[in-house]
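Asker: Each chain, written out:
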Amino acid sequence: LAKTTQPISMDSYEGQEVNITCSHNNIATNDYITWYQQFPSQGPRFIIQGYKTKVTNEVASLFIPADRKSSTLSLPRVSLSDTAVYYCLVGVPSYQLIWGAGTKLIIKP
Amino acid sequence: DGGITQSPKYLFRKEGQNVTLSCEQNLNHDAMYWYRQDPGQGLRLIYYSQIVNDFQKGDIAEGYSVSREKKESFPLTVTSAQKNPTAFYLCASRPGVGSYNEQFFGPGTRLTVL
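First to last, the protein sequences are chains A and B. So our numbering is basically just the index in the first sequence, starting at one, shifted up by 1006. So our numbering is basically just the index in the second sequence, starting at one, shifted up by 2.
In isolation and in its complexed conformation, chain A is listed as follows (with noise of 0.2 Å):
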């Protein structure tokens, strides 16, 4: 199963693009790179999802290198409400993840 190393945490400003990476040196072919938010006593929510190169949707941006080893969610012009833990988590099928303790992320005005 593969670990994964992120940023215990990090700061930022509002209206800043954040860019939060995460190492997962021992990716296996078939993992699938996902990124979930997670507000206090709140349930996780899932950002976006990659295998390789990038991907964006309405929220985020995921890069991918083409080894794999490393993957960077990009969070455009972020807000105050975007103060949450991120985590990245490799692996499929979803009962296999590995959750680790997260980014702290805190935005300040």
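Just so you know, the hints here were simulated from the structure itself, not pulled from any lab data. The reader is advised that the hints may include incorrect statements.
[Said to hold, decoys possible] Derived lysine-lysine pairs resembling BS3-like cross-links, with alpha carbons at most 30 Å apart:
hint	chain 1	residue 1	chain 2	residue 2
1	A	Lys1058	A	Lys1009
2	A	Lys1009	B	Lys72
3	B	Lys59	B	Lys16
4	A	Lys1009	B	Lys16
5	B	Lys11	A	Lys1110
6	A	Lys1060	A	Lys1009
7	A	Lys1075	A	Lys1058
8	B	Lys59	B	Lys85
9	B	Lys11	B	Lys72
Since the structure of chain A is provided, determine the placement of chain B on it from the hints.
Answerer: Relative to the frame of chain A, chain B by itself:
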């Protein structure tokens, strides 16, 4: 409104008592999951079910039990055998096809043992 509901939001239990946490979904999803989250930690899988009348143990199933008699419902019982049950419990569901790891989570139940 489609979604997942969990009840109650807060639950207090005396040591030695069994308690059941409710999880209901009207998303017509096949798979359902129960997770436990301790402060500052990620989620840990307790049980999962991919189809009605079938469920599998996750990483920390000891002291817990589940049933899946209906597609919409996946209740979790925390038994007295669970030595440290105080935690935040999350239920999730996932459609049978589509995005591999996109789970939909409920609002959670915070269980406190007195």
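Asker: With reference to the structure, classify each hint as holding or not holding.
Answerer: Do the hints match the structure? See the list:
With a C-alpha separation of about 18 Å, the suggested pair lysine 1058 (chain A) and lysine 1009 (chain A) falls inside the 30 Å cut-off, and the hint holds. Restraint check for lysine 1009 (chain A) and lysine 72 (chain B): the C-alpha separation of about 34 Å exceeds 30 Å, so the hint is violated. A distance of roughly 25 Å separates the Cα atoms of lysine 59 (chain B) and lysine 16 (chain B); the hinted pair therefore holds under the 30 Å criterion. A distance of roughly 37 Å separates the Cα atoms of lysine 1009 (chain A) and lysine 16 (chain B); the hinted pair therefore is violated under the 30 Å criterion.
Using a Cα cut-off of 30 Å, the hinted pair lysine 11 (chain B) and lysine 1110 (chain A) holds, with the two alpha carbons roughly 24 Å apart. For the proposed pair lysine 1060 (chain A) and lysine 1009 (chain A), the alpha carbon gap of about 21 Å is at most 30 Å, so the pair holds. Of the pairs offered as hints, the one joining lysine 1075 (chain A) and lysine 1058 (chain A) holds, with about 10 Å between alpha carbons and a cut-off of 30 Å not exceeded. For the suggested pair lysine 59 (chain B) and lysine 85 (chain B), the alpha carbons sit about 18 Å apart, so the restraint of at most 30 Å is met.
Note on lysine 11 (chain B) and lysine 72 (chain B): the hinted pairing holds, with a Cα-Cα distance of about 22 Å set against a maximum of 30 Å.
When each numbered hint is compared with the structure, violations occur for hints 2, 4.
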